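Undergrad: Protein sequences appear in the order of chains A and B. All residue numbers for the first sequence refer to our numbering, where the first residue is 1 and numbers rise by one. All residue numbers for the second sequence refer to our numbering, where the first residue is 1 and numbers rise by one.
Because the hints were derived from the structure by calculation, they are not lab data. These figures come from a predicted structure and were not determined experimentally. Positions of the beta carbon are idealized from the N, C-alpha and C atoms, including for glycine. One or more hints might be untrue.
Below, in silico cross-link-like pairs of lysine to any residue (SDA-like), each with a Cα-Cα straight-line distance of 25 Å or less [stated by the list, open to error]:
#1 B:Lys312 x A:Pro140
#2 B:Lys312 x B:Ala323
#3 B:Lys91 x B:Met397
#4 A:Lys232 x B:Arg237
#5 A:Lys370 x A:Trp359
#6 B:Lys18 x A:Ser199
#7 A:Lys43 x A:Arg389
#8 A:Lys228 x B:His343
#9 A:Lys302 x B:Ile25
#10 A:Lys92 x B:Phe370
#11 B:Lys312 x B:Val254
#12 B:Lys98 x B:Lys392
#13 B:Lys98 x B:Trp118
#14 A:Lys43 x A:Gly395
#15 A:Lys43 x A:Ile394
#16 A:Lys417 x A:Glu63
#17 A:Lys252 x B:Gly172
#18 B:Lys205 x A:Ser199
#19 B:Lys340 x A:Leu229
#20 A:Lys92 x A:Leu82
#21 A:Lys325 x B:Arg171
#22 B:Lys127 x B:Glu94
#23 A:Lys228 x B:Gly359
#24 B:Lys354 x A:Leu229
#25 B:Lys310 x B:Gly293
#26 A:Lys232 x B:Gly172
#27 B:Lys91 x B:Asp388
#28 B:Lys295 x B:Trp308
#29 A:Lys270 x B:Glu116
#30 B:Lys205 x A:Ser12
#31 A:Lys232 x B:Ala241
#32 A:Lys228 x B:Gly66
Quick list of simulated restraints, FRET-style, between CB atoms [to be verified]:
#33 A:Ser412 x B:Lys126: 50 to 56 Å
#34 B:Arg372 x A:Ser304: 52 to 58 Å
#35 A:Ser8 x B:Pro352: 44 to 50 Å
#36 B:Asp256 x A:Gly116: 41 to 47 Å
#37 A:Glu400 x B:Gly16: 37 to 43 Å
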Amino acid sequence: MDVSNDESGALSPYRILDLTEGPLSLCGKLLADFGADVIKVEKPGGDTARTIGPFYRDIPDPEKSLFWWAYNVNKRGITLNLETADGRDLFKQLVKTSDFILESYPPGHLARLGLGYDALASINPGLILASITPYGQTGPKADYPWSDLTAWASCGAAYLTGDADRPPLCMGFIPQISAQASSELMTAILIAHYEREMSGLGQHIDLSIQDSGIGLLQASVEAWDLAKLDYKRTGGSWGTSGALRRLSFECKDGYAILLQGGGGSIRMVKASESLVQWMADSNMAPDWLKKFDWENDYVTEKLSEELIARIEEPIARFLLTKTKKEIYQEGWDRGIMVAPVNDMADIAADQQLIARGFWLELEHPELGEKVTYCGPFTRMSETPLSCRRRPPLIGEHNIEIYSGEMRIPAASLTALKSAGAI
Amino acid sequence: MDMTDKKARSASPLSGIKVANFCWIAAGPLTIRYLGMWGATVVRVESHTRPDLMRLQGPYRDGVPGYNNNAWGPQVNSSSYSASINIQTPKGKELALKLIRWADVVASNFAPGQMEKWGLGYEDVKKINPEVIYYRSSQVGATGPNRTRTGSGFEAAALAGFTHVTGWPDRGPVPYIGAFTDFVSPRFGAASILAALSYRRRTGKGQEIDESQAESASYLLAPAIMDYFANGRILGRQGNAVPYASPHSFFPCVGDDSWCAIAIFSDQQWTALCRLMGEPEWSRKEQYATLLGRKQAEAEIYDLVAQWTKHKTAEEVETMLTAAEIPASVVESTAYLMEKDAHMRARGFFRPLKHSVIGEHIYRGPAFKFSRSQDCQFAGPALGEHNDYVFKTLLGMTDQEVAEGINDGGITTDADLAPMKGAF
Numbered sequence: 001m002d003v004s005n006d007e008s009g010a011l012s013p014y015r016i017l018d019l020t021e022g023p024l025s026l027c028g029k030l031l032a033d034f035g036a037d038v039i040k041v042e043k044p045g046g047d048t049a050r051t052i053g054p055f056y057r058d059i060p061d062p063e064k065s066l067f068w069w070a071y072n073v074n075k076r077g078i079t080l081n082l083e084t085a086d087g088r089d090l091f092k093q094l095v096k097t098s099d100f101i102l103e104s105y106p107p108g109h110l111a112r113l114g115l116g117y118d119a120l121a122s123i124n125p126g127l128i129l130a131s132i133t134p135y136g137q138t139g140p141k142a143d144y145p146w147s148d149l150t151a152w153a154s155c156g157a158a159y160l161t162g163d164a165d166r167p168p169l170c171m172g173f174i175p176q177i178s179a180q181a182s183s184e185l186m187t188a189i190l191i192a193h194y195e196r197e198m199s200g201l202g203q204h205i206d207l208s209i210q211d212s213g214i215g216l217l218q219a220s221v222e223a224w225d226l227a228k229l230d231y232k233r234t235g236g237s238w239g240t241s242g243a244l245r246r247l248s249f250e251c252k253d254g255y256a257i258l259l260q261g262g263g264g265s266i267r268m269v270k271a272s273e274s275l276v277q278w279m280a281d282s283n284m285a286p287d288w289l290k291k292f293d294w295e296n297d298y299v300t301e302k303l304s305e306e307l308i309a310r311i312e313e314p315i316a317r318f319l320l321t322k323t324k325k326e327i328y329q330e331g332w333d334r335g336i337m338v339a340p341v342n343d344m345a346d347i348a349a350d351q352q353l354i355a356r357g358f359w360l361e362l363e364h365p366e367l368g369e370k371v372t373y374c375g376p377f378t379r380m381s382e383t384p385l386s387c388r389r390r391p392p393l394i395g396e397h398n399i400e401i402y403s404g405e406m407r408i409p410a411a412s413l414t415a416l417k418s419a420g421a422i
Numbered sequence: 001m002d003m004t005d006k007k008a009r010s011a012s013p014l015s016g017i018k019v020a021n022f023c024w025i026a027a028g029p030l031t032i033r034y035l036g037m038w039g040a041t042v043v044r045v046e047s048h049t050r051p052d053l054m055r056l057q058g059p060y061r062d063g064v065p066g067y068n069n070n071a072w073g074p075q076v077n078s079s080s081y082s083a084s085i086n087i088q089t090p091k092g093k094e095l096a097l098k099l100i101r102w103a104d105v106v107a108s109n110f111a112p113g114q115m116e117k118w119g120l121g122y123e124d125v126k127k128i129n130p131e132v133i134y135y136r137s138s139q140v141g142a143t144g145p146n147r148t149r150t151g152s153g154f155e156a157a158a159l160a161g162f163t164h165v166t167g168w169p170d171r172g173p174v175p176y177i178g179a180f181t182d183f184v185s186p187r188f189g190a191a192s193i194l195a196a197l198s199y200r201r202r203t204g205k206g207q208e209i210d211e212s213q214a215e216s217a218s219y220l221l222a223p224a225i226m227d228y229f230a231n232g233r234i235l236g237r238q239g240n241a242v243p244y245a246s247p248h249s250f251f252p253c254v255g256d257d258s259w260c261a262i263a264i265f266s267d268q269q270w271t272a273l274c275r276l277m278g279e280p281e282w283s284r285k286e287q288y289a290t291l292l293g294r295k296q297a298e299a300e301i302y303d304l305v306a307q308w309t310k311h312k313t314a315e316e317v318e319t320m321l322t323a324a325e326i327p328a329s330v331v332e333s334t335a336y337l338m339e340k341d342a343h344m345r346a347r348g349f350f351r352p353l354k355h356s357v358i359g360e361h362i363y364r365g366p367a368f369k370f371s372r373s374q375d376c377q378f379a380g381p382a383l384g385e386h387n388d389y390v391f392k393t394l395l396g397m398t399d400q401e402v403a404e405g406i407n408d409g410g411i412t413t414d415a416d417l418a419p420m421k422g423a424f
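With the sequences and hints as input, model every part of the structure.
TA: Structure below.
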């Protein structure tokens, strides 16, 4: 990823005010990578999410939250108190020169401050106001308190995740539904932006995290609609119809994913036959499995739980003799659909990510060290993504923006500070 | 074809954008789906000689397998026109190039190298359409030593770390029920195409976009990845435990497999929950008053709170807790979402659309609404359904030329379909 100040990004001409909190701040970070000037607006003292760990070197400090850094790198940062009249005036001035505002307050909060879409559009008709909330701006649950866990539950993903004999599961402690919804907001914003380039007009975007999460539900919506089949959690087995097959298998040093299949998929038939051949090469394939007809007998209509269990037993025994690396390398070379279940250390050492230069090291001068971040989420030949700055310190760009760009006299700034506006 | 579709499209935000979509299965079509849904003219290229795997997957209408009788394929390909072209024939390649010349965006998610093999790589395409935006998506990207290692979102989710962190400390990983990265990566891919379109409008320049599904999705685990680099910590499986809230889990309620999510972040929320539970003796334990104390006693607190929730319905728990400003939600099954959730009904996310073979069935609409613009989603296509519209209206071919295309095997028809072997 290009660490420079060049102005050749796909969205370099645009300015964004980012009022979002927590993982919902991801959208602004991604837009900054496209070249946009993203200004993170924090309340005096900084975002609440700065108190969430993990922390750099495990030192709990609002300036060392890796959680906050991950979602706010590449932005500039100012502090501004929208609860004060002076703060709102400053904000309105910023709105004049901004193209997008991102916000995640409870519905109606900005309007109560006199900063709703209509008020902002009267200042800047081209403004796109993008709101992201757990249930959208309207509807009976619009004002419900929420967290990523409740969003995971409300969109149907929790019900489908986990072992059948235990409660549902979320995906580790890193918010998933919020972050993916925030990345979807980026797409919404750019659709509205494309239209604005023709009409000259902005608009208000209302993204519901619950609706966004339904996009993750595989074919469960269609299964209920057409077959009145309500999918349940199955410990990670899969199958679109018929009996379920296991996905995760224990191996010598961890776990691996194996996709078994047959029927009308030529690729999967070949993959299954190759797996049996690999087992046979190690004398671990039973004779009946060597003769199994994946194309004609591994089809929905013939797949019973007994048949699947019978097939899986020797496969599981075989995979226990291989390491993750062997399964990915030799397995894949043989055309088998496999992948190692990577942990964070495996990911950091992954040769593909290293070869593509995915890891980005950014200097944090006040720490005297470099910190490693995720790099470009997409590769664009003409407008490569660029990460121009580490995450902002609290109020780091107050002077640069308020004095330098907005030309607010020093005396006024002092007064604004005393009044608690910045 | 429904003419109202076309009328709605002309007023839609992405009206006028033309997309030649060579994507298949899920990740690619779901990326392009945003464009069609918001007004772009999307031509989905597929073939009767090698049908999209999505057409081989249930659920089917009336349980009858059929290439045009399943709902999952049309869902991910909604708002696109299907043209059936066999690009492995000379005539088919000629038609593909014609479509590419017409297009603003060319998209594919085959294994890197495949489009090049067909003579449809970026270098080839640029020669006939220099301003094209050439989007490609693959499991681990189009460059690097593992570029040819393709696969589904099930494998990509394992490669990217999602599988490892999902599960209980005493058990193995629990893979997500679906091809996780197939649903996440389109959010990044569609944005890349739209950013490139915006740039092209300013400068006239097209470009190539290479998205690795494992790379874009890894942003969802970024704090855990940074924790490894900065602190050497490898995130393991922790059930539903998080460092910043407790209790934080799904609690059993009255009814079969019925649960309610509860997340307590502050001590005030804990006090409010205790009040709702009638302040039982156990809840007064001093240790439970702070987050640290509750984290240390997480398992026992889970059991105690569960004793209370299991006598209530999930809806009752959700209503009581949210009224007290505590984050809570029914753990909704898909049927619950579609049939019982009054909020979903009020928002109108699920919508019936008419498919030419299946008839009316439910589609997932956009997750976002605009104050001024409307989407123009229409049902997914049957295989080759829009050949006439695509070849004659969009590409200006004559009846004679289309007939030749069929004769030469470039345009495939139902006669080219092999009997369905059954779902995989």
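Undergrad: Work down the list of hints and note, for each, if the structure agrees.
TA: Hints, verified against the model:
no., hint, verdict
1, B:Lys312 x A:Pro140, "21 Å, holds"
2, B:Lys312 x B:Ala323, "16 Å, holds"
3, B:Lys91 x B:Met397, "14 Å, holds"
4, A:Lys232 x B:Arg237, "21 Å, holds"
5, A:Lys370 x A:Trp359, "12 Å, holds"
6, B:Lys18 x A:Ser199, "19 Å, holds"
7, A:Lys43 x A:Arg389, "21 Å, holds"
8, A:Lys228 x B:His343, "21 Å, holds"
9, A:Lys302 x B:Ile25, "24 Å, holds"
10, A:Lys92 x B:Phe370, "22 Å, holds"
11, B:Lys312 x B:Val254, "5 Å, holds"
12, B:Lys98 x B:Lys392, "12 Å, holds"
13, B:Lys98 x B:Trp118, "14 Å, holds"
14, A:Lys43 x A:Gly395, "9 Å, holds"
15, A:Lys43 x A:Ile394, "9 Å, holds"
16, A:Lys417 x A:Glu63, "21 Å, holds"
17, A:Lys252 x B:Gly172, "13 Å, holds"
18, B:Lys205 x A:Ser199, "22 Å, holds"
19, B:Lys340 x A:Leu229, "15 Å, holds"
20, A:Lys92 x A:Leu82, "10 Å, holds"
21, A:Lys325 x B:Arg171, "21 Å, holds"
22, B:Lys127 x B:Glu94, "14 Å, holds"
23, A:Lys228 x B:Gly359, "16 Å, holds"
24, B:Lys354 x A:Leu229, "21 Å, holds"
25, B:Lys310 x B:Gly293, "24 Å, holds"
26, A:Lys232 x B:Gly172, "19 Å, holds"
27, B:Lys91 x B:Asp388, "17 Å, holds"
28, B:Lys295 x B:Trp308, "19 Å, holds"
29, A:Lys270 x B:Glu116, "23 Å, holds"
30, B:Lys205 x A:Ser12, "15 Å, holds"
31, A:Lys232 x B:Ala241, "22 Å, holds"
32, A:Lys228 x B:Gly66, "18 Å, holds"
33, A:Ser412 x B:Lys126: 50 to 56 Å, "54 Å, holds"
34, B:Arg372 x A:Ser304: 52 to 58 Å, "54 Å, holds"
35, A:Ser8 x B:Pro352: 44 to 50 Å, "46 Å, holds"
36, B:Asp256 x A:Gly116: 41 to 47 Å, "44 Å, holds"
37, A:Glu400 x B:Gly16: 37 to 43 Å, "39 Å, holds"
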